[in-house]
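Asks: Here are the chains, one letter per residue:
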Amino acid sequence: MKSYRKELWFEVPTRRALLNITPTIVDCLRESGIREGLALVNAMHITASVFINDDEPGLHQDYDRWLEHLAPHEPTSQYLHNLTGEDNADAHMKRQIMGREVVVAITAGKLDFGPWEQIFYGEFDGRRRKRVLVKIIGE
Amino acid sequence: MKSYRKELWFEVPTRRALLNITPTIVDCLRESGIREGLALVNAMHITASVFINDDEPGLHQDYDRWLEHLAPHEPTSQYLHNLTGEDNADAHMKRQIMGREVVVAITAGKLDFGPWEQIFYGEFDGRRRKRVLVKIIGE
Amino acid sequence: MKSYRKELWFEVPTRRALLNITPTIVDCLRESGIREGLALVNAMHITASVFINDDEPGLHQDYDRWLEHLAPHEPTSQYLHNLTGEDNADAHMKRQIMGREVVVAITAGKLDFGPWEQIFYGEFDGRRRKRVLVKIIGE
Chain A
10 MKSYRKELWF EVPTRRALLN ITPTIVDCLR ESGIREGLAL VNAMHITASV FINDDEPGLH
70 QDYDRWLEHL APHEPTSQYL HNLTGEDNAD AHMKRQIMGR EVVVAITAGK LDFGPWEQIF
130 YGEFDGRRRK RVLVKIIGE
Chain B
10 MKSYRKELWF EVPTRRALLN ITPTIVDCLR ESGIREGLAL VNAMHITASV FINDDEPGLH
70 QDYDRWLEHL APHEPTSQYL HNLTGEDNAD AHMKRQIMGR EVVVAITAGK LDFGPWEQIF
130 YGEFDGRRRK RVLVKIIGE
Chain C
10 MKSYRKELWF EVPTRRALLN ITPTIVDCLR ESGIREGLAL VNAMHITASV FINDDEPGLH
70 QDYDRWLEHL APHEPTSQYL HNLTGEDNAD AHMKRQIMGR EVVVAITAGK LDFGPWEQIF
130 YGEFDGRRRK RVLVKIIGE
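Residue numbers (the numbering used here), protein chains in the order written: chain A, 10 to 148; chain B, 10 to 148; chain C, 10 to 148.
Please keep in mind that the hints were generated in silico from the structure rather than gathered at the bench.
Careful: at least some of the hints might be erroneous.
When chains are identical, the list treats them as one kind, so a pair holds in a single copy or across two.
[Said to hold, decoys possible] Lysine-lysine pairs mimicking BS3-like chemistry, simulated, CA-CA at most 27 Å apart: (1) Lys119 - Lys15; (2) Lys15 - Lys139; (3) Lys119 - Lys11.
Whole structure, please, built from the sequences with the hints as guidance.
Replies: Written out as structure tokens, the structure is:
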């Protein structure tokens, strides 16, 4: 069994953003030399997500509005977590809906994807350096 | 390390439905010959889910109502994504709540499940052919 | 490839609670002797979650309120599932938002975590014995 590990660093200048990280994961896979196995890609921070969906800007705005509707940032006083001095409780909620991680099949040296699958980093509390972990195991 | 891959095809005649695919995954596992490892089962489309829950028809209707409440299909004009000519933005939301994938432990040649765990394909934008990927790695 | 399996048992005295199970998972990892690979930790019951987030009591109260807002327990008659004699339909919803499972990278014999990542068992229908499965594969 081979295993590969890499940390990806992001510093998103806004509070929230969705970044397509598929090309970077493809680079990791090539670097790993693994042709059959599983890739785990996860946010290492608890106010961010890694998820798979469509790279369509309208949809990304829809996600942002929808997440704000389900877990609004304001008023920040509605969350007990924010009594710790944080203002990011909503980001902890948004991340649960969008998910921490994806596991992707590796087949014949490629991400084994359907036609529209793309991997996104979902930032919900940006403006600082945060990490994503890529771990690939297989042969 | 052994690895096994199979695509399952579905054509759901309605917009939304939940299908119990556990027997098919059991067949895949038997075909793989793998006795210890992990199975990844994921939707290859971004308006569908694979998830684990209970095979109880009342609960499935509850899920449908609840998802419609959290991410309504109508009015379709409320979503920017639908300006692309699609009418399925809500399906992209529903899939995030229900999840893209499950990872299941394989122990002694079986899906290592609790008493009520069953694997479902969750279709939120049906009436066309769509795929699920089964990838099993182990020994 | 090595593989390790353990069942963890919980009996939460209240209907809902979040338990930090990270130390137990660390013990499992040590017991497994696996240094490179993947760990799957999943609820074996369909009214409970395993998820990764912050160990902050205010946040945990926020999660409870927020999940109650998105999928209220009362009135229990609003859910068809509860016609089966259960009163836990809401727990099946809450578990979908918080997720069934986490997959964690194992690197150099450790859980490969960011600074605040902790693993929780999320109970949404407690007051009885329920299980979590730990499966670790690697070398």
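Asks: Determine for every hint whether it applies to the structure shown.
Replies: Going down the list of hints, with the structure as the test:
{"no.": "1", "hint": "Lys119 - Lys15", "result": "both (17 Å within a copy, 15 Å between copies)"}
{"no.": "2", "hint": "Lys15 - Lys139", "result": "within (14 Å within a copy, 33 Å between copies)"}
{"no.": "3", "hint": "Lys119 - Lys11", "result": "both (16 Å within a copy, 17 Å between copies)"}
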